[in-house]
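Number of protein chains: 4
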Amino acid sequence: MRKICVVITARASYSRIKTVLTAIQAHPRLDLQIVVTGSALVDRFGNIIPYLEAEALPVSAIIPNLLDVESDTASAKTTGLAVIELATFFANHRPDVVVTVADRFETIATAIAAVNMNIPLAHIQGGEMTGNIDDRIRNSISQLADLHFVATENARARLIHMGLSPQKVFYTGCPSIDLLHRYKDRDFDPYEIYGGVGSEPDLDQPYLVVLQHPVTTETGHSKWQIGNTLHAIAALNIPSVWFWPNADPGTAGTAQGIRAFREQHPELPFHFFKNMESAHFIRLLKNCACFVGNSSVGIRECSALGVPAVNIGSRQRGRERGPNVMDCIPDTEAIISAVRHQLTHGPYPPVTLYGKGHAGERIAEQLANIPFILKKHLLPA
Amino acid sequence: MRKICVVITARASYSRIKTVLTAIQAHPRLDLQIVVTGSALVDRFGNIIPYLEAEALPVSAIIPNLLDVESDTASAKTTGLAVIELATFFANHRPDVVVTVADRFETIATAIAAVNMNIPLAHIQGGEMTGNIDDRIRNSISQLADLHFVATENARARLIHMGLSPQKVFYTGCPSIDLLHRYKDRDFDPYEIYGGVGSEPDLDQPYLVVLQHPVTTETGHSKWQIGNTLHAIAALNIPSVWFWPNADPGTAGTAQGIRAFREQHPELPFHFFKNMESAHFIRLLKNCACFVGNSSVGIRECSALGVPAVNIGSRQRGRERGPNVMDCIPDTEAIISAVRHQLTHGPYPPVTLYGKGHAGERIAEQLANIPFILKKHLLPA
Amino acid sequence: MRKICVVITARASYSRIKTVLTAIQAHPRLDLQIVVTGSALVDRFGNIIPYLEAEALPVSAIIPNLLDVESDTASAKTTGLAVIELATFFANHRPDVVVTVADRFETIATAIAAVNMNIPLAHIQGGEMTGNIDDRIRNSISQLADLHFVATENARARLIHMGLSPQKVFYTGCPSIDLLHRYKDRDFDPYEIYGGVGSEPDLDQPYLVVLQHPVTTETGHSKWQIGNTLHAIAALNIPSVWFWPNADPGTAGTAQGIRAFREQHPELPFHFFKNMESAHFIRLLKNCACFVGNSSVGIRECSALGVPAVNIGSRQRGRERGPNVMDCIPDTEAIISAVRHQLTHGPYPPVTLYGKGHAGERIAEQLANIPFILKKHLLPA
Amino acid sequence: MRKICVVITARASYSRIKTVLTAIQAHPRLDLQIVVTGSALVDRFGNIIPYLEAEALPVSAIIPNLLDVESDTASAKTTGLAVIELATFFANHRPDVVVTVADRFETIATAIAAVNMNIPLAHIQGGEMTGNIDDRIRNSISQLADLHFVATENARARLIHMGLSPQKVFYTGCPSIDLLHRYKDRDFDPYEIYGGVGSEPDLDQPYLVVLQHPVTTETGHSKWQIGNTLHAIAALNIPSVWFWPNADPGTAGTAQGIRAFREQHPELPFHFFKNMESAHFIRLLKNCACFVGNSSVGIRECSALGVPAVNIGSRQRGRERGPNVMDCIPDTEAIISAVRHQLTHGPYPPVTLYGKGHAGERIAEQLANIPFILKKHLLPA
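Chains as they are written, first to last, in this note's numbering: chain A, 1 to 381; chain B, 1 to 381; chain C, 1 to 381; chain D, 1 to 381.
So that you can see chain A by itself, here it is in the shape it has in the complex:
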């Protein structure tokens, strides 16, 4: 049995690789270790423990390490703590492969701990481009990894061009796409299940889904940026379902902006959720009139679903996108006009840019079969 350790640092990463986890767990020759750390343990950023439990996915360890977001040292220190404590986990549980996901600042901690301990490192979702600091983290992790599972053909080409061995870069598609076609209707009441705050607009009317994170290189502007989005949707006065931002630097500004606006405008048809299980989120997304924000959801999931998306600002700059995406600057008027355009246009034809499903199983299969050159076990001749 190969021991595969997957380190999850954020709700978004969990949603993205859920089918990888279930495929590893189901695989007869793989032994799954899940480590949960960072914002993925914090309720207000989306604690994933209940979801893992609901799916009967085993949690090998939790490593609480998120620093209070107020200091600009918080992300560095959270990363440093993660390196230290993941090393201890690896020393105790001796995984054969460590898996890290995407490009959040703490994911590099997983890479560093694994590489420093000579444990083969697999990276999911390398080779993409968003045009911001995430690119640097993502490419940096790609350079550290031994094995790459990429979401698009372009991403594979980019990694190989960057000097990585073609034998180690596998195009599997994005596992976040695997689940998309499993659900169809919005057959649940999100207010009842998830609570949240705000008015409860009628979701049988056309509604928006909004998810806007701070931009890590523009942290001083996060309040102003979310403010423009809030004003734009307020002007449109359409039912909308908002999600709380992740724990990136700048999140305090985004959160403050939302909280202040919400208190001043209780009359608007806005509802705010902290968190939602991905199965529910997908159903909500699939049935919305338009996605608004700067999450990769607008680019990735929405392209496969054909949902119109308005992508705001620089956070996804450079990421491959389908025809469903309309970009705009973080300006109230620009957002209003882009959303209006998308509502008028309506659904787009789905595209398979990010895969056709089964990414989870393909990744598990490779993890079970690839012959690792286990440098640590090389014997003298």
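Honestly, the hints are just simulated from the structure, not real lab data. Because the structure is a prediction, the values reported are computed rather than measured. A hint or two may mislead.
As the list claims (entries may be wrong) - Residues from chain B shown here face chain D by an in silico Cβ test under 10 Å; the list is partial:
| hint | residue |
| --- | --- |
| 1 | Glu70 |
| 2 | Ala247 |
| 3 | Glu263 |
Ideal placement from N, C-alpha and C gives every residue a C-beta, glycine not left out.
Given the coordinates of chain A, work out where chains B, C and D should sit on it, guided by the hints.
Positioned in the frame of chain A, the structure of chains B, C and D alone reads:
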């Protein structure tokens, strides 16, 4: 005044960038902050504090963080601690640019702390290739850095090919070359100045300089590998000056191998130094008959000096080299025969592969002049 | 010049020892180093940096280390980080004496770092008793300290009884008392200076000051406990000025309780401040009709001022108190009845239980004069 | 089942509480969790993992955290890391009680992590006195602990006098005494089993056992102190078996002193062991002519065995001792004369100062039965 923070984690890095430090300090528009951490603070790996003091270079802070090398978590945990404490240093001293050097495992800590705090990061000696784990660390840091000062034209091409902006990659040559031509004769007595242990062979006879580090992906073999080198030089029975290995994983094995051999063979014409100021080291190297080991010194400094070098094993695989280097596997017979060949051949013509000097000043000048796009200060339109 | 390093981890500690800081700074033979860490750097718990700057007190270093309060590992990890980074500070700045204050969980970090580095440790406010977990932390620090500055005669007796040397235990009074008599009227508008939220009740009417922290051994009840206080004061419907709790475990519950209540009852004559400079806080306190909560302010400052105080629950159990304090359980009815009693009674005669002023100067004088047996410098005969 | 977590930070602590571990493991209502950390994981200070495995004692986790001993921040940083990572262990394994042992600097980390997480803390060997910095650490831990298992009646009295509740302080005797009477003859060849270095003196002749640690408040003198002992025993020229010092601050000096002396005097009848299983160590001790050094073994185990002991210097100052102990200053002549006296005197009658055996079982029984007031579970009325 731009505040330039240089983080030094190992004796070898200090030797390499000494002329960068003096050039920054001499520059009228730069304010130098030096942080010393990792093995660069530990006597038996080469404490650089006395050298900095001797050069009147200012130490802004020491950050002692080296874990006891016995655990295989040590390098990860040292890195994690470095990220945490460098973040605090940056929060207190607010450098405008952070400079990190080369490819040792802890240097990525500097990169991560700087990137997470939105401080522009400059990397010296990116783009080289050695064919081992150092490549991964080095390329990973290059992906995180904003500014690159490279040692060779090939290194520049490699970084640009990897996707980095040509405007940010500067070919300056390697600062370690700057000092080489300043000294000529070995006009000092190393035994008197540096003590050390072992017999004191006559350095007016042809002598070897030996510097062999553990290979980080072959840590279990470090004792066996140094043992082969020790036996080879013993068989040759030539005066030789040995240097202690750095603090990489596996160093305990190398150190043990040296210590045990030395106790058993006090009669051999071997002398062992823990440490030596680079001005002295260069003079010793310049006048030796042959360099032996796996340090980049054999490739880099020796090529510029025309000193014959025997490069053992995989540690420098892939690094650009001049005609002065003869490679061999870590096998006693192979080493004996390679050293014999080089002694017979004698000095080689120097080559300018790694620059022609003045790298330190060029780097300082770029640090003073380049217009940083300070992402953190971007204002809303 | 003796270098005296004072480590401040919370707003409350700063307020308490402000006169010690100014006395050290004014002393001709003392050199003051202030390190600010923990919740004292976080805006929503009371960032003290602006206050230090306003007083021209020098900040030698900030060490941001507060973990996100949601995890029950947060206080331990904040403490661990503090030990690590204070050690680095001490290694760089080599204080002759380190000063730690009172009994918050992170203050033991200061003690451990100093003791492990053989630096004499002075403790302010040892020997008191509150009957909860703080006693353990406080006594534990007393056992580690070399020098003790205590607030009451009883505290001195208790430390000596505990086995500490009488020569090392100095009764100086509590420095928090030093400032009390400097101010008289409430001659400022707190709403204008500090903002805050809620209605702005008329402070020329009799008003309450409320400050209730979570109880660290009852963290699960913090929301319920603050709820009872909120309901009690709401029932009394008296103008009241509330302060945000400190960053102890359980603070999220307290904060949530306040936030929810405030949103539901915007009509009440309650105003909420995050923070207030001590000079202003004292004036506000001095002129209030009654103090309510579980802060030591009710016991310590109010006894010297003769301000009636209602002390709720177990947090101050065992602390020496004057006649001005009425204790009650954290029950709505009990609180209502205690506050009514105190309002009817009116001001009490001040008592000098916690000193008569000049504690700051006395402490500075001892720090300058006491002959430390510097164990680290003992030479062999 | 109550989960009892015992944290072991050093070989000496393990030897001391071995019978507690086996008694907890054997107890039908206790579930044993062992965490090994600090120097107890490092070969050259006495890695205890092989001994635990040999006894079939379960290791729940290892936490490698020892910093390189060269820096004077090492013990503080090791302690800080321990607090951080023990908190994670406790969060994952939720012990009902945490047990910490004696007085080494890192043991306070266990106490702090447990107290900050509201887990009841039991302390073994509180209340003793040695007259040095260990007293401070030990008393500091006693103040943090909920439950105390003490080795002597005096220790119990001292803790109660210090203000701790008599209901929480149990006189059980020292578990290190439990094993002493199980073995009689030295029926094994230590050279064969443990290797070590030096000559192999005949242990059928009268021989000494020497174990001298650095003194944490006199770290600068450790080399000089061990030097005096080495010279004294050399002058006596008696067969002697030496043990390596523990990982306290100053250990580098002690180790250097031993290493240098050993290389210069290979002819002396000295043998040096890094480590020895306690069953073997006891047999070696029981049959020696005299114990020499500053370990508590000379005071504690030797008093119960009646073995003459020479106790050097200040490390055990104040510890209760039987008639078998002769104290002397760390001076060559003083040591020579004290050892001569003891050799002339020969064995002493055993005393039961530190208990009569069965301490391990008594402690396990209390851990199973004592009704913890679990403050964290208190419910509102």
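### Task
Please flag the earlier hints that this structure goes against, numbers listed from lowest up.
As far as the earlier hints go, not one is violated by this structure.
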